[in-house]
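K.L.:
Sequence:
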Amino acid sequence: MILLRFTRTEIQAYAFIAPSIIILCVLLVYPLGDVFRLSFYESSIWGDTFAGLANYRRLLADGTFWQAFRQTIIFVAGSVLCHFFIALGLALLLHQNINRLFRNFFRGLFILPWLISPTVAAMIWVLMYNPFGVLNGLLVSLGLQLVLLLWTCLL
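First residue of the sequence shown: 1, per the working numbering; consecutive thereafter.
Hint data in this document are derived by calculation from the structure and do not stem from the laboratory.
Since the structure is predicted, the reported quantities are computational estimates derived from the model, not experimental observations.
Please note: incorrect hints may appear among the correct ones.
Cβ pair distances, simulated, as ranges [what the hints assert, rightly or not]:
(1) A91 to F16: 33 to 39 Å
(2) L93 to T72: 45 to 51 Å
(3) R8 to I45: 55 to 61 Å
(4) I21 to S117: 23 to 29 Å
(5) G78 to R103: 41 to 47 Å
(6) G47 to L27: 23 to 29 Å
The C-beta atom is built at its ideal place from N, Cα and C for all residues, glycine as well.
The task is simple: from the sequences and hints, build the whole structure.
P.N.:
If you want it as structure tokens, here you go:
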């Protein structure tokens, strides 16, 4: 039998990761398991009755399912391949020894979408916390002017 020995830093790392793993399990793994369980039931207005594999047999016999499955596979494969080859071509092009100004300009241009998303999210939060923003409007509509006064003093 192999005994696992953890150092203090490894135990701390697992302790820090544990809350996010628990949230991940609650929000992702449990619903997936419940959907899988429900796939074995026939649902109606009057309740659920156990159907076993009948739902899967009906699904595999349906021509519309196979047509949608085939179209999905074609779309995903085409999309992934096109994105991959376009990105690879652009990366190889920008890696060449060409005009340095041109190369740096396009490197910056390609990273802009990655950079803009957090900036837009930050601006939305700034506008929400604005003294005339959504959050303060909600506090006023709830009759919490005192909280509004304290809130705006902190900003």
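K.L.:
Run every hint past the structure and note whether it holds.
P.N.:
Structure-based check of all given hints:
no.: 1; hint: A91 to F16: 33 to 39 Å; result: 35 Å, holds
no.: 2; hint: L93 to T72: 45 to 51 Å; result: 32 Å, violated
no.: 3; hint: R8 to I45: 55 to 61 Å; result: 57 Å, holds
no.: 4; hint: I21 to S117: 23 to 29 Å; result: 26 Å, holds
no.: 5; hint: G78 to R103: 41 to 47 Å; result: 30 Å, violated
no.: 6; hint: G47 to L27: 23 to 29 Å; result: 27 Å, holds
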